[in-house]
Every structure is written in structure tokens, then in C-alpha cells.
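Trainee: Chains as they are written, first to last, in our numbering: chain A, 5 to 307; chain B, 5 to 307.
Quick caveat, the hints were computed from the structure, so don't treat them as lab data. You may find that some hints are simply not true.
[Claimed, not checked] Straight line, CA to CA, 30 Å or less: simulated DSS-like cross-link-like pairs of lysine-lysine: (1) A:Lys224 <-> B:Lys80; (2) B:Lys80 <-> B:Lys56; (3) A:Lys224 <-> B:Lys224; (4) A:Lys282 <-> A:Lys45; (5) A:Lys283 <-> B:Lys283; (6) A:Lys224 <-> B:Lys282; (7) A:Lys282 <-> B:Lys106; (8) B:Lys106 <-> B:Lys283.
[Stated by the list, open to error] Just the calculated beta-carbon pair ranges, DEER-fashion: (9) B:Asn259 <-> A:Asp289: 35 to 41 Å; (10) A:His41 <-> B:Asp160: 24 to 30 Å; (11) A:Met105 <-> B:Asn259: 30 to 36 Å.
[Stated by the list, open to error] Not close to chain B: a few residues of chain A, all C-beta gaps over 10 Å, as computed: (12) Pro8; (13) Glu20; (14) Lys56; (15) Asp73; (16) Gly130; (17) Arg142; (18) Asp171; (19) Lys220; (20) Ala235; (21) Arg250; (22) Leu277; (23) Thr278; (24) Phe286; (25) Val294; (26) Ala301.
Computed from a predicted model, the values in this text were never measured in an experiment. Even glycine gets a Cβ: it sits at the ideal position worked out from N, Cα and C.
Number of protein chains: 2
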Amino acid sequence: MSQPKFLSGDKAGIDEFLDRFDVFLFDCDGVLWSGDHMFEKVPETLEMLRSKGKRLVFVTNNSTKSRADYKKKFDKLGIPAEVDEVFGSSYSAAVYIARIMKLPAPKNKVFVMGESGIEQELESEGVPYIGGTDPALRRDIEPEDFTNIANGSMLDPNVGIVLAGLDFHMNYLKTAIGFQYVQRGAQYLATNIDSTLPMSHSFFPGAGASGAALEKAVGKTPVSFGKPSQAMMDAIEGKFKLNRSRTCMIGDRLNTDIQFGIDGKLGGTLAVLTGVSKKEDFLADGAETVPSAYVNAISDLLG
Amino acid sequence: MSQPKFLSGDKAGIDEFLDRFDVFLFDCDGVLWSGDHMFEKVPETLEMLRSKGKRLVFVTNNSTKSRADYKKKFDKLGIPAEVDEVFGSSYSAAVYIARIMKLPAPKNKVFVMGESGIEQELESEGVPYIGGTDPALRRDIEPEDFTNIANGSMLDPNVGIVLAGLDFHMNYLKTAIGFQYVQRGAQYLATNIDSTLPMSHSFFPGAGASGAALEKAVGKTPVSFGKPSQAMMDAIEGKFKLNRSRTCMIGDRLNTDIQFGIDGKLGGTLAVLTGVSKKEDFLADGAETVPSAYVNAISDLLG
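For reference, chain A alone in the conformation it holds in the complex:
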């Protein structure tokens, strides 16, 4: 595999790289911002790309926010974006459940282990659900719960799917209930399985972590929709009718973002060093996932 091209400060290299693509798929956390901190000159960078006629798609594994929520985050930070440019793992999961799995009603109810973003996207696709942000489940497990979960009296017989995403309100009670549904035959899905979440210039447990209690108890990996899952790429391609060879994935994580672009046979991938992966990770001999090019920060594309 050839060495990735370092573009920061290389004006000619940048122009040549950008000319190869019509569409840029952007990871957000770690590329445009970290938590609530926007990186330098992000609006200017996106404006420059749009001025060259590039199509931008913001692809996020963050399942806590719906596309509409995500749009608000862009607004708050002052980054111009449209709801239709946003493609999240919750939306991807909702589309898969509603249009591909199509379990027959009423046995198509979803037990949600996650935040409101998942609920909103399920609603947008007309999928019934329970759990999620229900305050009745945001409590400690009590002795009688063990009996009532085990004997099924606390369970909804119409739940056919358990869908886990990043859950800042993860607890034992919800995990025990989700586990019982899976033991009774429910399909086990996850919006995404990122182990960590970049926030406040540090790392916090990601969706793969908050959902790991259920995964460990179940003993198998869920079907998941976040990068690098190609279920998500297929959905993006279907929606945006993109030409993969003229599409570039930009991200900070080798094992999710860059792998997503490589597995999707895109024309190129661009790593930025403002997030999880370090250049040593892909410059090392025998590195498994190597981007086409890299920059220190996304604003370096301004030249």
C-alpha cells in the first residue's frame, strides 16, 4: 500500500486532491469539532468546498442526535448545513428496520437503549418503540424487578428488536430488560459500536462501550450501522446517488472513518489529526488501514 500524501501546506497537492472528487463525506466529531468546541476555520473550509461545487454529506455515528438535532448543532456552532446533508447512525438503523427488516406488526416494536435521537429517527420512519428516554426505566433495579423481568411480566410481548446506541443513561435495569428480550428471540441491533467518544479534548465511553454490557451478556456482536458498516454506505449511496470513484471520505478514525471509505471502494480517503488516530497509526510499517492523504486539521485544505 502506498504511503499517504501529507497535504498540509502543499497548495498544489491540495488542489490536485480536491479536483479528484465531487462528493465529500465528512465525519463530524474529531473533524469539524470536539464536543462543543469547533475547530478553526471550519465554516470557511466548507464554504471553499461548496464554492468549488462539491457536494457535502455529514456522516455521523453519533446516535444520540437525530438529523434535525444535528442540524441544530451545526447552527449553534455557526456551520452552514442542511438537514438533508446529515446522515446519522440512528437514521441508518431506522431505515434498515422500516424498509429492509419489515417485521410484521404488531411484533415489530423496538426496545431502545439510547437517547432521543434514536427515538426521533424511528418515529420519522413510523417504527413503534419503547424504552429509550422513558423516565420509568431511568432508575435502579429493585429486587422485584429480577422476578418480573425473568417471568416476562415487565416485558412487552410485541418487542421484536433491541436497538442499542450511545446511552448516557445506561443502567443495569435497561440492560437486564434488553438481555431478556434477546434471550427470548428479539433481533439485536446497534446504531454503532464506537468504543470511545471524543469530548472536551479527551475521550469518553462511546456507543460500543455504553452498549457493551448487553453485548457481553448476549455473547455476540450486534448488527450495527455506524461506520465502517457498509449498510450505512449503501444507504448513503441510495439517498445521494453518488459516484463512489468521485467520492472522498474525510475522518479522524482509521478503524471507522477511513476503513468505511476503503471498504466502500471510494475514490479516496483523507485523515485529519484532530481526533482519535495519530499519524504514527497509519505511517507505521504494516498499518492495516491507510488513508490516501492526511492533513493536520481540516482547515489546512484552505491552503
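Here the structure of chain A is known, so what remains is to put chain B in place on it, guided by the hints.
Mentor: Chain B in isolation, oriented as in the chain A frame:
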């Protein structure tokens, strides 16, 4: 590997088997009881073994209870036992921290992610700790927590160890704090890593599940002390001065209990079918972990 001998109903086979051992290590959950339900004729079975001069040791991976708590559980169910006969994963971890790791004070504080059993055993070994059942950490994570965890202002600089056990009060806040300690160099230990917990005639998330969020975020397996970890066997041997060839491990789980006895080169292992593993699991061709013998229930040893 030879087929395990089925002892239920085989009086001569039982006598011959019992005569081979002086010490019986008992798993508890799934062997003596399930949750708060004691299996039939357990006191009679233990009394029969004691009357034959056998030494009994109750080896439990359950980290939520200290040895003293466990004694109370025996009392409540009417099973005669002494505190010194109980050997738990929390005790094993506390002994390891206090007597083997011996981190220099004051940097030897433990951040506990678990219940009071861990706290009591750390206290019994004189190990300082924070976290655990502290009500201040039994709450939702708030936006300012992300900042204060990331910048260290919510952290205790003397924490040198993170110890995870079964935590019915697991949450995102404690996981984020534990993760930050590990990122800053704390040693990462677990009392045990059982994926499930048999309760109320069903299965619930075990210590390996409640601690899996941290494990996933960290990206490596903790040093753990529950069965089948031989750190626990060594501690049991040291305390009880047992002759391994004259010792038998009795348990319901192949991958923890029976493996524990096999790895410890004990004289024998006995599987009971009142818990997790089914006879098909060890009778199948190519089964990895096969006990010396098995019974349907522990009381079958009464003949």
C-alpha cells in the same frame, strides 16, 4: 479426554468418587441456590460431606458480597457455613492489591466500580478506596462533568487502581471516571468477568457485563480474580493448605468453575446441571472443557 461419569442414582459410583477427595470447592450460584431460591436438600448434602470429614470451601465470583455478607446468605437460607469457609472474588482482589501489588501510599487508592462487598474486603485488607457505593456517583452525567473529568478536577490524584465488579448501579458517569483514571495510568483490575448471573430462574448481566463498558472503552481485558483465574486458586491454596490432587471443584459453569479446577490441576471436577451449562455442552464431540463427573443436582450426592 474421557467421558465424564454420570453419578446421579449410582450409589457405588458416588461413594467411590467422594472417597477420592478431602476438600470440595463449591461454586454457590447455580449449585447451592439460584438467586434467593435454595435447591433441594442442600444442607443435608453438605452435612453428609462434613460427616465424612470433608473440608468445604465456598468459592464465589459474586463480588457484590463480602465473605461476611455471604455468610448471612447461607444463614438466611439455612445452610450451615463459616465465614472462613467463604472465598470470594472481592476478597481475592483485595488480597492481591494489598499483599502482591503493594503500590506505595498515597498513590495506592482504588476507584471502585461495584457494590459494598468490594468495599468491605478492601477495608479488611486496609486498602483505601473511593467510588463504590458513594451516592454522589449514583446520578446522571451532566454537561459540566465532561469538562471536569477531562481536565482532572473531578479526579483524585492518588487513585492508582480501578477495580470493577458486578455493579447493579453501573452508569455512564462512573464509567467515564474509571476510563479517565485508566487513561492516566491507573492499573485496571476486575474482581471477575462472568458474562451472566443466574437469578430468578433466568439470566441477568454479570460482572463481565456491568464492567464491559469500561473494558470496551479501554480496549483491553482487565486482570481478574474470579474463576477460572488461577490467581484465585493460588490464594485458596495458600489459605487452606490444600492438597490439589485430593481436591474437587464442584460447579455449574464449564468455562469458569470446571475450567478453574482443570487449570488448577485438581484431582477432579464435578458439574451440576442446575445452572448455566447443559450436559450437551460437555458431552459433545470436541467439547473443550469436560468435568470428571456430573450430577443432575448437588443433592444427588446423597445417593
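Trainee: Take the hints in turn and mark each one as holding or not.
Mentor: How the hints compare with the structure:
1. A:Lys224 <-> B:Lys80: Distance ~37 Å between lysine 224 (chain A) and lysine 80 (chain B) Cα, so the pair is violated.
2. B:Lys80 <-> B:Lys56: holds (25 Å)
3. A:Lys224 <-> B:Lys224: Measuring from Cα to Cα gives roughly 18 Å; hence the hint holds.
4. A:Lys282 <-> A:Lys45: holds (21 Å)
5. A:Lys283 <-> B:Lys283: Violated. Lysine 283 (chain A) to lysine 283 (chain B) sits at ~51 Å, over the 30 Å cutoff.
6. A:Lys224 <-> B:Lys282: It holds: about 19 Å lies between the C-alpha atoms, which stays within 30 Å.
7. A:Lys282 <-> B:Lys106: Violated: lysine 282 (chain A) and lysine 106 (chain B) sit about 35 Å apart, past 30 Å.
8. B:Lys106 <-> B:Lys283: It is violated: about 43 Å lies between the C-alpha atoms, which goes past 30 Å.
9. B:Asn259 <-> A:Asp289: 35 to 41 Å: Check passed, 37 Å falls within 35 to 41 Å.
10. A:His41 <-> B:Asp160: 24 to 30 Å: Check passed, 26 Å falls within 24 to 30 Å.
11. A:Met105 <-> B:Asn259: 30 to 36 Å: At roughly 32 Å between Cβ atoms, asparagine 259 (chain B) and methionine 105 (chain A) fall inside 30 to 36 Å, so the hint holds.
12. Pro8: holds (24 Å)
13. Glu20: holds (37 Å)
14. Lys56: holds (36 Å)
15. Asp73: holds (15 Å)
16. Gly130: holds (30 Å)
17. Arg142: Nearest chain B Cβ is 8 Å from arginine 142 (chain A), so the label is violated.
18. Asp171: It is violated; aspartate 171 (chain A) is separated from chain B by about 7 Å at its closest Cβ, not greater than 10 Å.
19. Lys220: It is violated; lysine 220 (chain A) is separated from chain B by about 4 Å at its closest Cβ, not greater than 10 Å.
20. Ala235: holds (21 Å)
21. Arg250: The assertion about arginine 250 (chain A) holds, with a minimum of 35 Å to chain B.
22. Leu277: Check passes; 19 Å lies beyond 10 Å.
23. Thr278: Given a closest Cβ separation of 16 Å, the condition holds.
24. Phe286: The claim stands: phenylalanine 286 (chain A) keeps its Cβ more than 10 Å from every Cβ of chain B (closest is about 18 Å).
25. Val294: The assertion about valine 294 (chain A) holds, with a minimum of 21 Å to chain B.
26. Ala301: holds (20 Å)
Going through the hint list in order, the structure does not satisfy hints 1, 5, 7, 8, 17, 18 and 19.
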